[in-house]
Amino acid sequence: MDHSTHEAPLLEVRNIERRFGALVAVNDVSFAVPAGQVFGIAGPNGSGKSTLFNVMTGIPFGPSAGKVLLEGREIQSLRAHEISRAGIARTFQKDAEFGTLSAFENAYAGAVYCAGLSGAQAREEAHKALDDVGLSNDRRDKAAGDLTVFERKQLMIASAIAGRPRILLLDEPAAGLTRPEVSDLAELIRTVNGRGVTILLIEHVLPLLLSVSQHLLILNHGAVIASGKPAEVVRDPQVVEAYLGKREAAL
Amino acid sequence: MTMDMVSAILVSGLVLGSVYALMASGLSLVWTTLGIFNFAHGSLMALGAYFAWTMSDAAGLNLWLGAGVAVAVAGMVGVGILIERTVIRPFYDDKDILLITVMTTLAVMIFLEKGIQLLWGARLKQLEPLAPGRVNLLGTTISAQETLIVVLAPLLLGGLWVFLRYSNIGRGIRAVGQNPAAAKLIGVDVSKLFILTFALSAALAGLTGILLGSVRFITPTFGAEPLVKALIIVIFGGLGSLSGTIAAAYIIGVVEAVLIFFVGIYWAPSMLFALLIAVLMLRPQGLFGKSVR
Amino acid sequence: MPASFNLKTLAIAAVLILGLLVPVVIEDTYIRHLFIIAFIYAIVAASWDLSLGYAGVFNFGHVAFFGVGVYTTALCAKLLGIDPWIAMLLGGAAASAAAAIVALPVVRLQGIYVVLVTFAFSQLVLQFVISQSQITGGTQGLVRVPTIELFGYNFLRDYKFGYYYVAFALLVISTLCLRYITRTDFGLSIRALRDNEDYSLARGIPIGLQRLKVLMASAFFAGIAGGFFAIYLRVASPEVFNFSTMALILSMVLVGGTSSIYGPVIAALVLTFISEGLANVNGLSEGRFMLVAVAMVLVLLFFPKGLISIIDRWPRGRGARRPD
Ligand SMILES: Nc1ncnc2c1ncn2[C@@H]1O[C@H](COP(=O)(O)OP(=O)(O)O)[C@@H](O)[C@H]1O
Ligand SMILES: [Mg+2]
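Just so you know, the protein sequences line up as chains D, C and L, in that order. So for the first sequence, numbering that gives the first Met the number 0 puts the first residue at 0; every next one is plus one. So for the second sequence, numbering that gives the first Met the number 0 puts the first residue at 0; every next one is plus one. So for the third sequence, numbering that gives the first Met the number 0 puts the first residue at 0; every next one is plus one.
Check the hints yourself; a few may be wrong.
Stated by the list, open to error - Where chain L lies over chain D, by a calculated footprint (3+ residues, C-beta under 8 Å): (1) 31 to 42; (2) 65 to 74; (3) 84 to 97.
To be verified - Counterexamples of contact, computed for chain L against chain D with all Cβ distances above 12 Å: (4) L15; (5) L187; (6) L208.
Quick caveat, the hints were computed from the structure, so don't treat them as lab data. Since the structure is predicted, the reported quantities are computational estimates derived from the model, not experimental observations. All C-beta atoms in this analysis are idealised placements derived from N, C-alpha and C, irrespective of residue type, glycine included.
With the sequences and hints as input, model every part of the structure.
In structure tokens:
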């Protein structure tokens, strides 16, 4: 896929940096994501992937330096909930849900506070999102904390899309899933993407990442070491050494 | 402003700061090790003073004050162990331990306060000063007992620091504070250290009470005001580090003395709180604290 | 669903009717007095549940909001000559304003620091009240606070008949308001941020603002209760800030069970009667608080969700309903 240079990208990250004391967790990272893409991000553990999502969304902290632009508008100094409302919805690497709220209420909260809907409209949007991710009807009244691992992943995505985001940031959604569940997840990602939601996907499970992404960016020690078409990127010797090399050695 | 006034303010700030430092370091020690905040710390302070009073006062057993101090410290160790066992230990594995132990230690505070009132009555009591007479400090005359507090506090805190740094038990306590799981893995008896730490902090509270008990009157609620000050200090200093807590204690002591001097005892508490809010607005993690979480 | 709905309406109607009948059946002034005090504590406990239980804000300054209501109302009515009914409302407003001041730092803090700041605040309000003795009466308190009047009805010579109904009305109204708040979208959002702060932000919930609002709302009811407390007892004394008062009301929230509103209300009724009953037993006037403390620990040990969780278990099992 060729990015057209004349059209502004939906999301652009410019020279983003995040320091923790002496550690530079994200180091001068720049990239652009055109509307409609599934944009994959990979890298070894501790390479700064989650931190990148953190600083983009301001949850729980913003960048030390650099800019994030949504449709050309700078958003890095907005407050975290305003960034979410501006159309960037994220999920978390560790399990995140409103545990004592029902599954339905989880999605409903997204519809109300992100999409700004209310009443019947919000309820309808929440149910639609739950339908989209395939969470069965009889599970929607259960407390989110009582759902299965896979159901919680579904719910996490449902409450995000109930907020009608422009962009969905997924942080290792396949972690802890069985193989058939991973392919269900791939299907789900394609469905959501098909509805016009641009997706940034951090993933360790490479087959999933390669099967859904149109673009792949590799981080190592906080810096971008490769960025391009997935098939080409995975052959990049630097990438092989930094990340895939370990895998192959282990195999 | 004359030199006399400066030194008077400084000296009274030092006295306050020393008491607060003793108080707050016990709280900080328990926080960094057990991860709980002990609201009963103030009533433990009162209890220590009452123990010492009972042993030493003419109306009590009329023994030498040294015996009072010894028995009080021993008693406080026992009470500390008892409290840890009954209202803290059962909740170590609870994810809401922080909130729950706030409530259980509040309950202990009420229990001790009312218990003291029933046992010893509400009448004011005072301990014989450990050091009688008056002393000239920086050109300001204060009681020898206050001087003793000013001198003893750094010694006790220094002793605590040496203990934590160089003794095996002390190193164990710090290891547990930094990472309980890892400490357990390398064979540290975490549960024993928790008890020890709590007992140590209770003894420290008792000693503070004894020192203060001959400067102020002892009442069942004698520890409430120092506890509130200690709260403000740990908010300022951050709970996480002993040195930050101690520094904050002396700063607040001097600030309070300055406030009392300039705006009077009536407005000082409100001003202190306003200052606290201002600091928190600028640095939510406290003056010295690193980012909390 | 209709069956459980009817059952609930019936239960509420029955409680309301019983509540209305109490002063007709019971002529003993002291018992009526206990009911009135219990209703006041019930409002404080239930409103505390809103910030502590629902929103998960570690607010330990709630009793100070009650105290702010007590003093504001007493001062407005006595020194400024404001109509006591209006003064009660002002008590609620002042408590909300105090909550807003506390919220300034609290919304930016986490965990234990929230406990410490709110707790320190409550003690500083106490010291402030005591120190401004020319106005507040210091440790002696304010006496001879003017009382309410309604269409010329005299509340002082009816053996607390009128006060009972005012207190009951305040309790019913606050309980309904609090329940309503918890059922709105706002109520949903505060439970959400209690469950997971970061996730709430990721779903667009402005957690600082919601915390500010919930603290102000819960303080408002506590302030009104405080206002009525001052009007009813006709004194404002610094005892309202006592650790003992705080422990008693906290035990009501805990025993009743957090996140339920009704739980603390019921617990307040029961515990007020027990506590006042014990106060009359020889030697227990102070010792009863030791029992309260023990009860708190026991509840936390054995019924961490409050005694209401025992009752709560069975209706839920039966009425499992499907969404539409
Ligand atoms: N809040 C934080 N404070 C200090 N260091 C952090 C913080 N968050 C992440 N880091 C550090 O930043 C680096 C990148 O972490 P992270 O973004 O979680 O990596 P990844 O998601 O790629 O596995 C790691 O070294 C981690 O220890
Ligand atoms: Mg990560």
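Hints, verified against the model:
1. 31 to 42: It is violated, with 0 qualifying residues against the three required.
2. 65 to 74: The restraint on the segment 65 to 74 of chain D is violated, since only 0 of its residues have a Cβ under 8 Å from chain L and three are required.
3. 84 to 97: holds (count 8)
4. L15: At about 29 Å from chain D, L15/L clears the 12 Å cut-off, so the statement holds.
5. L187: violated (6 Å)
6. L208: violated (9 Å)
Consistency with the previously given hints fails for numbers 1, 2, 5, 6, ordered from lowest to highest.
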